[in-house]
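Protein sequence lines, in the order shown, are assigned to chains S and V. Numbering-wise (the working numbering), the first sequence opens with residue 1 and increments by one. Numbering-wise (the working numbering), the second sequence opens with residue 1001 and increments by one.
Be aware that one or more of the hints could be misleading.
[To be verified] Under the rule of at most 20 Å between Cα atoms (straight-line distance), these lysine to any residue pairs were calculated in the SDA-like manner:
1. LYS1408(V) / SER5(S)
2. LYS19(S) / VAL1054(V)
3. LYS19(S) / LEU1406(V)
4. LYS143(S) / ARG194(S)
5. LYS19(S) / ALA187(S)
[Unchecked claim] Take a look, some chain V residues computed to stay more than 12 Å from chain S by CB distance:
6. LEU1103
7. GLU1116
8. ASP1203
Everything labelled a hint here was simulated from the structure, so no lab data went into it. Note that beta-carbon positions come from the ideal geometry of N, C-alpha and C, so glycine has one too.
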Amino acid sequence: MRVTSNILARNLLHNIESKAVRVMTLQDQLASGRRIQRPSQDPSGTVSAMRLGTALVEIDQYLKNLTDARGWLDAAEHALFGTINALHRASELAVQGATGSLTASDRQALAVEVDQLLLAVMDLANTRHGDNYLFSGHRTDIKPFPSPESYQGDQGAILRDVGPGAVMLQVNISGDRAFGASLAALAGLAERLRTNDTVGIQESLGHVQAALDSTLARLADVGGRMQRAEFLETRLHEVKTGVAAVRTNMVDVDMAEVLVHLRAQEAAYQAALGAGARFLSLSLLDYLR
Amino acid sequence: MVSSMILLETARRALSVNQRALDTVGHNMANASTPGYSRQEVILTASEPTKAGVGLLVGTGVKLADIRRHFDAFLDAQLRAHSSQLAFNLSMQDALQQVEIFLGEPSEAGVMSSLERFWVALNDLAQHPESMATRALVRESAGTAATIISRAALDLRALRQDIEETLRARVAEVNGLAKEIAEFNYQITSSRARGHSTNDLEDKRDLLVDRLAELTGARATVGPQGDVRVSLSGIALVDSHASHPISLARDTGGDLRVAREGMEAFLQLGGAMGGLLRADQDLAGRTLRALDTLAAGIVDGFNRVHAAGYGLDGSTGTAFFVMAGGAATLRLSDVVMDGETGLRAIAAASTPVTGDSENARRLAGLKENLPVGGFTGWDEYWRNVVAGVGVTGAEVNRSAMVGRLLVKEIENRRDSVRGVSLDEEVTNLVRFQHAYAAAARLATAADELLDVIINRLGLVGR
Chain S
1 MRVTSNILAR NLLHNIESKA VRVMTLQDQL ASGRRIQRPS QDPSGTVSAM RLGTALVEID
61 QYLKNLTDAR GWLDAAEHAL FGTINALHRA SELAVQGATG SLTASDRQAL AVEVDQLLLA
121 VMDLANTRHG DNYLFSGHRT DIKPFPSPES YQGDQGAILR DVGPGAVMLQ VNISGDRAFG
181 ASLAALAGLA ERLRTNDTVG IQESLGHVQA ALDSTLARLA DVGGRMQRAE FLETRLHEVK
241 TGVAAVRTNM VDVDMAEVLV HLRAQEAAYQ AALGAGARFL SLSLLDYLR
Chain V
1001 MVSSMILLET ARRALSVNQR ALDTVGHNMA NASTPGYSRQ EVILTASEPT KAGVGLLVGT
1061 GVKLADIRRH FDAFLDAQLR AHSSQLAFNL SMQDALQQVE IFLGEPSEAG VMSSLERFWV
1121 ALNDLAQHPE SMATRALVRE SAGTAATIIS RAALDLRALR QDIEETLRAR VAEVNGLAKE
1181 IAEFNYQITS SRARGHSTND LEDKRDLLVD RLAELTGARA TVGPQGDVRV SLSGIALVDS
1241 HASHPISLAR DTGGDLRVAR EGMEAFLQLG GAMGGLLRAD QDLAGRTLRA LDTLAAGIVD
1301 GFNRVHAAGY GLDGSTGTAF FVMAGGAATL RLSDVVMDGE TGLRAIAAAS TPVTGDSENA
1361 RRLAGLKENL PVGGFTGWDE YWRNVVAGVG VTGAEVNRSA MVGRLLVKEI ENRRDSVRGV
1421 SLDEEVTNLV RFQHAYAAAA RLATAADELL DVIINRLGLV GR
């Protein structure tokens, strides 16, 4: 093959250019810390990186939603515990009040204590979580029980998305279902103690017991939801660790590896430049008189 | 009888021929780096002998038979085909790089990330429907997403305009080239008819043909008179002395096309212009339509759910986004943009009750439910769009890389045939210089011979 000066120059330029491009790509990776700068470098990698990135954002948000949900459920559980304690005490007082040896003034004293219990349960039913009333359904800005017998809230369910594919968790329970029976039973008991209605007291004892049962059932419900929230949280944390690891492999640059490649490419680049400097300057003219 | 002057004549011819040879060496050396130049070579041959008695012929020296231009029509055609393919891919690559920058994926500044932040804000709104801070975050993140989408759409529109302007300039260039080539064809055929050498004219013309092929992917065939015909899938751009101008047009779908003036059918362009047309349709155009689809899906879906809900102020039926004429015009509605009032109008509730955040949850749920361009959920759709650009881009990048190598190799092979090697020319220089010196010496010798005859002959006894 005849080799002309243009061929030498063209080959040299091509070698230098292709090596410079490789050095530049590696420098880009090193500077940004990302393996993929543009979709065309690795289309499927780009899509995976985007999918995994979105998955991480979602998981973080679901975890935030779960934390919020657990806040609501914790507060509800606390209020229900308090109510159960109050109902226990009330049933003791009812049993005491039903004893025949008590005088009317003894029962008045018991009524005063039941009134206190009623107020305590009302306070619990009017618990606020942040700025919101916990037990007034959607009407979180309205006090659910301004008085024991009139529930001001609604039956609105407050839901949180806690997983992909519309996994939802209800974080509230309506006030009248949680406290209605208890408040009515306590109010009735206090009234009957005050009016010295021994027969009625027996009946109220039954109501208190029934309210206790239903409150325990609510507590079990809330407890169940909290367990589900904890389970989901653990699961999401596990998934997150996995996704983050895959994403790091997919997106992030292995610095050590890139540095080694960069060194090698720099050497190749220098070799191309050196070769050019040596060959291009050669000419027969140098050897003729 | 051989004339005694013949030696002088031989010397004269040798001097003159070697002078021409040295001229050609000089021409080659001077044009060593001239684009399109084909090396020329003097073809020397012995001149007709003369009779020197019965059955004897004596040589009369050298004669210049031809000055040959070295070229290989097959390599020329191959190079044109491959450089036009490379030019096609490079045009695509240019557009691709811009489209990728406009999309900004994968990064924190892309469409996807902005929509994710909006989704996060909607989730926070579902937790705190009454909080003005949360509402402000929803409005801000939605505004950012709308801006990023409309910015990308505007950039893509600008790119399409840019491509159109470049195409217009290329059309003008092609028409100019075609005209020049036709003129060269005329000069070449008429010079040949007069028996003149057309080496340098052909070089200049072929360089223009190379450029025309690179721009359009046209093929060239050389006729018997040395004129060239340049055509695109059978439609001639240059036919001997005539050139046919082309112009930019649009097809019924509104896509850019190129047609020969006066002809109905569109040209099947390759080369740089073909690449520009394809980049306009498949990269810029398709991505812009994808953005339009995404924006339309978001506007429809969000507005439907949003209008069904209630704001803190009890307002309902409010539009959240507005768009009038493609993704480039996507923005938040005036109602929502209106200060504190606008924040209250964000419909987080499904009933006119403060603590109800059901609608915010439904808005966030659109991430998975929103129908966009045949996909369910915007994520899936958008990833698909980005993948489409990436796959086209990867293919273009790969083809461009291979094309560069191929073109380089063919250029080298062509140069090996027609390129000037300075070492070779220097060698020839020395060779012809020596021959010239020898011819001069020959003339001196002939002179001395004649001197003997003319000045010293017939002086016996003087």
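We went through each hint and held it up to the structure:
For the given pair, LYS1408(V) sits about 14 Å from SER5(S) by alpha-carbon distance, which is consistent with the 20 Å threshold. Taking the CA atoms of LYS19(S) and VAL1054(V), the gap is about 73 Å. The hint is violated against a cut of 20 Å. At most 20 Å may separate the alpha-carbon atoms for a hinted pair to count; LYS19(S) and LEU1406(V) meet this at roughly 17 Å. At roughly 28 Å between alpha-carbon atoms, LYS143(S) and ARG194(S) are farther apart than 20 Å, so this suggested pair is violated.
Proposed proximity of LYS19(S) and ALA187(S) is contradicted: the alpha carbons are some 88 Å apart, above 20 Å. Not every CB of chain S is more than 12 Å from the CB of LEU1103(V) (nearest about 7 Å), against its label as outside the interface. With a cut of 12 Å on Cβ distances, GLU1116(V) falls inside the contact zone with chain S, its closest approach being about 5 Å. The beta carbon of ASP1203(V) is kept farther than 12 Å from every beta carbon of chain S, the shortest such distance being approximately 14 Å.
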